[in-house]
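*Asks:* Read off the chains here:
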Amino acid sequence: MKTKVPVIMSKNFYIIEIFKGKNIFDVFGQEIKKSIKELGILNIEEVKVSNLYRIEGNDIDKKKIIRIAKELLIDNVSEDYKIYRKTKKSLNWWIIEVYLKDGVTDPVGETARKTIIESKILKDAIVKTGKKYYIKGKLTEKQIKEICEKILLNPLIQNYFIYKG
Amino acid sequence: MKLKYAREIEILNYDDKKLIELSEKNLLALNLEEMKKIKEYFSSIGRNPTDCELECIAQTWSEHCFHKTFKADIEYQENKKKENICLLKEIMEVTEKLNYDWCISIFKDNAGIIKLNEKSGVAFKVETHNHPSALEPYGGSGTGIGGVIRDILGAGLGAKPILNIDVFCFGELTYPYEKLPEGVLHPRRIFRGVVSGVRDYGNRMGIPTGNGAIIFDNGYLYNCLVYCGTVGIIPIDKIEKKVNDGDYIVLVGGRTGRDGIHGATFSSVSLKEDIPTSVVQIGNPIIEKKVQDVLLSARDMGLYNSITDCGAGGLSSAIGEMGKDIGAIVYLEKVPLKYQGLAPWEIFLSESQERMVLAVNEKNLEKLISLFDSEDVEAVVIGKFVKTGKLTVYYKDEIVCNLDMEFLHRGVPKRKLKGVFKKREEKSFLYKSKNLKRDILKILSNPNISSKEEIVRQYDHEVGGRTILKPFIGYESRGVSDGVVLKPFYDSYEGIIVACGINPFYGEIDPYYMAGCCIEECIRNIVSCGGNPEKIAILDNFCWGNVSDEKQLGSLVRCVKGCKDYALKYKVPFISGKDSLNNYFKWKNGRIISIPPTLLISGIGIIEDIRKITSTDFKKVGNLIFVLGKTYNELGGSQFYRNHNIKDGIVPKPRPEKTLPLMKKLHYGIKSGIIESCHDCSDGGLIVSICEMMIGGNLGCNVDFSNVLSEKEEIEIVLFSESCGRFVIEVPKEKISEFKDLFENEEISQIGEIIENKKLNGFWKGKKIFEISLNEIYDTWRSLKF
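Chains as they are written, first to last, in our numbering: chain A, 1 to 165; chain B, 166 to 951.
In isolation and in its complexed conformation, chain B is listed as follows:
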């Protein structure tokens, strides 16, 4: 058979060595076993594949789309104990075991959906866009947020995006330029590009950005991390979607170009020093905004049966996924192009942005096309879902791809991997501070703790008018909030709280406890805004290094085990998740540098009444300050030790059996108005929480740190330990008996009082040990210039 438009690729006569060469040369990112499986399939049908088929298989089977590592059989060894484990099953087991009726659509759609009230659900998804952002920070990060917004638009029959969240990890901005290898952008450059890329896309879409975090560490020099998340609301009767036999395939939105080809497979390999141009995508938020508006009105009119977004893998992945159980015929020459000259496989795999694929019944087709037309959004029929069980793609009169859906989606050989985890011994260690005041100020000025106002202010957090508790609060909006509270509907007081937890520094000591701490931090943040600990769902986003290395994979398994155990203990279900593996950089001399193991837990909580929430700023002179929870000698990975370059110490351990009941009481306390302000204790320790509350309230306080309930009576532990399960709260004197009744038998300690004088007076057993003025605290905390 002579092909006019596609190219036949020889594999039938290839031996193992040549198969691997082929995979590497064409950026397919497939291993030998997978290449052999492809060869076996094509020998069974007696022909060679076309370029389009091979690319299509590579995209569908890529780590990015298929999550081979998470679905693999892993032989895991931890301290001589061996077991077999499947990571995805572990995560899903949590949700299955908890079995909440308010979790509506979990792990099957583009985003997780939970119930908000009888009429509506909330969809939440967090994505990563690391590789593209490392290459072209502005375009890469912009399309990251664009992509996750489309995930929400493609959840159910389409949810309306109402909030974005962003979490970034960069190398330190002061890193010397000359030490970076050629082709790697400087962290400052990446930082500026990413911040403005996400800002421009989110702001132009008219979606507020309400929550996030930024972490600076030199582990992220070569591979920055960009997490983008979106929350959407959806009517409950629009969640079910189904493609029917005979539905038309309609492509809507942007045009197709050569951008982003090989994105999915590319993100499954390491960054090297030479990269093709075509992997970069540039976003166009104006088109996406138009698509969003017209799509939601088409949804309400019931004009389509199913929808998905064109993300990684482009049309091949979107249509392949939708027609998985039916089959599809596609005519590529009908796809609107940005410019001529694209090969069929390029059209089929291009990751051009702002495109969605709909399945439309014949009777609605005309109406739908004219609706999109009236809003100046292109909508074109490019094929049909037909019950053939095959993915058949034409270009003009030629079949360029004809694959069995069964093979495409279920033919992937299961990977068998090995992971080893060797626990690093945690040494109990205590570093004595030589100058407390200096250490406190040093922590406050650390980029990971200090105010990010300069960045956050660039993001619109008000647009839409739904933001109740904003990122900035208190006096002159100086204080920072633990999470964001939204009021999605104008006619009801129901609310959504969103917060996140991330701390890669614990992961370097033990990823198991990092998972626990991140989950708890996320829940703590939500609860301290007034959230109900029994109505929280979480998302996991794993960013790991080179997982073909047994040790790296071992640490990933260890982290997943932590996620499972602690999620079950805190009774929070996972509703969606994503992994981005192979975040490593390969130097020309073969040296491999992996990123620090990073887990982001994002949480969403539902509350009945947004009037019963609280914020972190101190409210009134004379009110008493309490610490809930006990402090332990857990300074491992803490900001204090990092400032002094100490690698030892014990990493914080979550104690759900104590913390969960405490959080339930705290929720009641906030709801009934006993507690006037509440801030969780995490990065930097108790002292940072107190300083931030002072900044927010523009008030001073007297605190006797020896009153803090602590494992050991040492000032460094009390001030800087990052133990879990602690909150700083403010209680008015007249409510003190009610408060004490509520928290009877709990580990609480009264530590001080709010005063008029704008100073932090630190005492130890009645003796004054330091005094810092609020001005100094505020100026130091704000000292970082980006």
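Extracted from the complex, chain A is given alone in its bound form:
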């Protein structure tokens, strides 16, 4: 189920998702799991966190996006990436995507944009960064919303989209 429509809609965009590689300890996921338990929601099995870069540009194609991901964004030792345009649902997981609202400064996105242009992969680009949370456990949508608003994001500056598994 989708709760809100993303703010920017452009055909020429890709999303790069960066996540921890196999057998690498996901410290942020553990931290969030701990916080969720503190909320009193104990039915939680696992939490995984990925970083999202939504890259938009006129001269964009898959090959260039792979270069951006491999050369600029990931740490080859501990991280891996996925590229997609549309979020896929996952069977056992709740998926939550969080992006900054328009007009809120995105320093990481800005630095990524500059780097992409300086390394001459794209002529110009718009980069928005976000977070993607995978949550496993027997949870209701109400509980997921509670987790979102109390732990994962600040509704004042961030938008979020929930995909039910």
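Everything labelled a hint here was simulated from the structure, so no lab data went into it. Predicted model only: the values in this text are computed from it and were never measured. Yeah, the Cβ is synthetic: ideal placement off N, Cα and C, and Gly gets one too. Mixed in with the good hints there might be a few duds.
[What the hints assert, rightly or not] Sample of chain A residues at the chain B side, in silico, Cβ under 10 Å: (1) Gly21; (2) Glu31; (3) Gly103; (4) Thr111.
[Stated by the list, open to error] Listed next, the in silico DSSO-like pairs over lysine-lysine satisfying Cα-Cα at most 27 Å (straight line): (5) A:Lys64 x B:Lys503; (6) B:Lys503 x A:Lys120; (7) B:Lys784 x B:Lys753; (8) B:Lys344 x A:Lys145; (9) B:Lys751 x B:Lys812; (10) A:Lys114 x B:Lys489; (11) B:Lys190 x A:Lys101; (12) B:Lys344 x A:Lys34; (13) B:Lys751 x A:Lys120; (14) A:Lys150 x B:Lys455; (15) A:Lys150 x B:Lys753; (16) B:Lys753 x B:Lys607; (17) B:Lys617 x A:Lys37; (18) A:Lys86 x A:Lys22; (19) B:Lys829 x A:Lys114; (20) B:Lys503 x A:Lys101; (21) B:Lys777 x B:Lys716.
Fit chain B to the known structure of chain A by using the hints.
*Replies:* Just chain B now, kept in the frame of chain A:
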């Protein structure tokens, strides 16, 4: 006149009710008297203001920028005695009366500057960023530290930041989620966000964080407090700045967006349950780091005449302030934007971060622009300072703002306020402990006393290589230090000591003595590191609740009076300060909750030789332990009573006439090597100081508490009283005669000895009363998990 870009705002025909409505609707935070003054001004020039003008006036006149309460005429009543008082004058009077020649730039620049040696000065400033941090903890607190770093960069012609300090106050982390109103973030969430926000900004700027404090109390549930401070060094010949007629206005650093609009006026009103998004700012430390580096080289090349940072109020406040005595013309369309679509007033008032404004002479302009260009920092000419006496702002071909500087900066009607203080009677009271050991361990595990290592370790305190006495000291770096000692120059042993004093719990009983205790705690911390009590300057930061309430204002006045009296008695000048008022939360049903009155005193001391300092950890088995100063039955507001929910008791009273001479002798003792370790006694009492010294030294001790010089022979008073003017020190046996000569006629007591066995053995008149192993002490003290 038809306006294309700005909007005309009707006020000429408005009556009082409509004026107030206008102020509230547009978040101007101006009262009726001020709105009437604005109306009067515009009727005298025969037109309505534009949106840009009205916003510009509101920002300049905001509590945040103009400190209306501190400059107001206050009719103050204390126990039927009435007097008229101006708070700012009281504070400044201290510095004027003391009149030290080493205070170089006081209360006029972005930060206070004192003399370090013949060539250099030290700039110090502490700011608060409470409202933004309550809304968006990470971004709000990060921009708090970013802002104060820019204050230091904008002090004189630019000082180089070398140290950050942070003090936070939060609600208790265990508070139940369901009791909080909607829109208020849980203390745990605020805590995590603030800690990481300040950490990320400070660490990425490459500035060490060396000192701080964290206080947990449910008074801060709805309004957390975030104090950020920065110390910088500046060449003495770069302190004077002056804007000249004809200088260009150059905007450097980050781009302008819609972020942080209404920050200054917003922070002058209460937090409500509905808040606009645009008040939040997000920092970008990488840009600020670049600005810092290129700015300091431009300073050394003498490329600009004056500088200030774009803080609250944005360009309107920065340019307005710089051109106060001259006048300025600004072209807003030249300001680099993050995205299109900003109205002129939004550009002029935006509080986007990482921006500085320079005044540059025409002959240096090209050189300056190309220097900034070479470091990939944007520098753009956006206007000129011209002797017109007016602030004129264009957007393309339209004048969107045209105000007299005189009206803008001196037209604010002086507020007339009333404050009442009714002293709560202090009842002498003594609670007898049922189980001493349990009480001691309970105090050690209290969040306000226990180790904050988990947090402090996230902050880089080493970067720059100047930190001599670090936050952690002693065995395996377990102990905590009273303050931080820096060695700013590689080729000299001169040093800077920074420490702070804060204790809101005394303020609930009497803010006057809270002020005294905070000032003394700060000085004590500096002196126990080896500082010279005669070379200390302090900063005041007041965070208060709803000051339109007479009682709240009364307590603020009472606190300021305490600051004045005790600063004069301890002979320490105030060099800078800041107030953050209206820290209160308004529930939908109208209930108002103010924060506890909170005063932070931050101090900076200068020493000649950093090799002659000491730390708090016990050093050697066989050395003797002394207590300097006398203990009184002053348990009011103490950790011990708070643990037992006792509201009575007498609040600690500073005794400068005894403590100041004692501190001078202590300074001599540390300098000449008689004293091997020294720790001040404050929160939690004597027992906490001894435990912390044991942890640092990984050594045990035998202490007979009946030997402690005390007003009354009661074990609870000796262990837990938080009386001022006390230090625990360690003296080697062979230096005992020298020590006794030095402290002849002073109130000192020999209380025990350091032993090999890792235990605290507590005696009373020779009889053993408790025994706690060092492991238990350490584990309890470290038990808090964040």
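*Asks:* Against each hint, give a clear statement of whether it holds in the structure.
*Replies:* So, going through the hints one by one against the coordinates:
Evaluation of the Gly21 of chain A hint against chain B yields a violated restraint, the C-beta minimum of about 24 Å exceeding 10 Å. A distance limit of 10 Å between C-beta atoms decides the matter here; for Glu31 of chain A the minimum to chain B is near 9 Å, and the interface restraint holds. Annotation: Gly103 of chain A was flagged as interfacial toward chain B, and the flag holds, the nearest CB pair being 5 Å apart, inside 10 Å. The restraint placing Thr111 of chain A at the interface with chain B holds, with a minimum CB-CB distance near 6 Å, inside the 10 Å limit.
Between Lys64 of chain A and Lys503 of chain B the CA atoms are separated by roughly 25 Å; this keeps the pair inside 27 Å, and the hint holds. For the hint pairing Lys503 of chain B with Lys120 of chain A, the CA-to-CA distance comes to about 22 Å; that is within 27 Å, so the pair holds. Using a Cα cut-off of 27 Å, the hinted pair Lys784 of chain B and Lys753 of chain B is violated, with the two alpha carbons roughly 57 Å apart. Distance check on the hinted pair: Lys344 of chain B and Lys145 of chain A sit about 18 Å apart at the alpha-carbon level, within 27 Å; holds.
Simply put, Lys751 of chain B and Lys812 of chain B have alpha-carbon atoms about 26 Å apart, close enough for the 27 Å limit, and the pair holds. Restraint check: the Cα-Cα separation between Lys114 of chain A and Lys489 of chain B comes to about 38 Å, which exceeds 27 Å; the hinted pair is violated. Using a Cα cut-off of 27 Å, the hinted pair Lys190 of chain B and Lys101 of chain A holds, with the two alpha carbons roughly 24 Å apart. Proposed proximity of Lys344 of chain B and Lys34 of chain A is supported: the alpha carbons are some 21 Å apart, at most 27 Å.
Annotation: proposed proximity of Lys751 of chain B to Lys120 of chain A is violated, straight-line Cα distance about 53 Å (limit 27 Å). Using a Cα cut-off of 27 Å, the hinted pair Lys150 of chain A and Lys455 of chain B is violated, with the two alpha carbons roughly 35 Å apart. Straight-line distance between C-alpha atoms of Lys150 of chain A and Lys753 of chain B comes to about 21 Å, which keeps the hinted pair within the 27 Å bound. Only pairs whose Cα atoms come within 27 Å are accepted, and Lys753 of chain B paired with Lys607 of chain B is rejected, the gap being roughly 38 Å.
A distance of roughly 23 Å separates the Cα atoms of Lys617 of chain B and Lys37 of chain A; the hinted pair therefore holds under the 27 Å criterion. Taken as a hint, the Lys86 of chain A and Lys22 of chain A pair is honoured in the structure, with Cα atoms around 24 Å apart against an allowance of 27 Å. About 56 Å separates the Cα atoms of Lys829 of chain B and Lys114 of chain A, which puts this hinted pair outside 27 Å; it is violated. Taken as a hint, the Lys503 of chain B and Lys101 of chain A pair is honoured in the structure, with Cα atoms around 14 Å apart against an allowance of 27 Å.
Restraint check for Lys777 of chain B and Lys716 of chain B: the C-alpha separation of about 47 Å exceeds 27 Å, so the hint is violated.
Hint check: violations occur at hints 1, 7, 10, 13, 14, 16, 19, 21; the rest are consistent with the structure.
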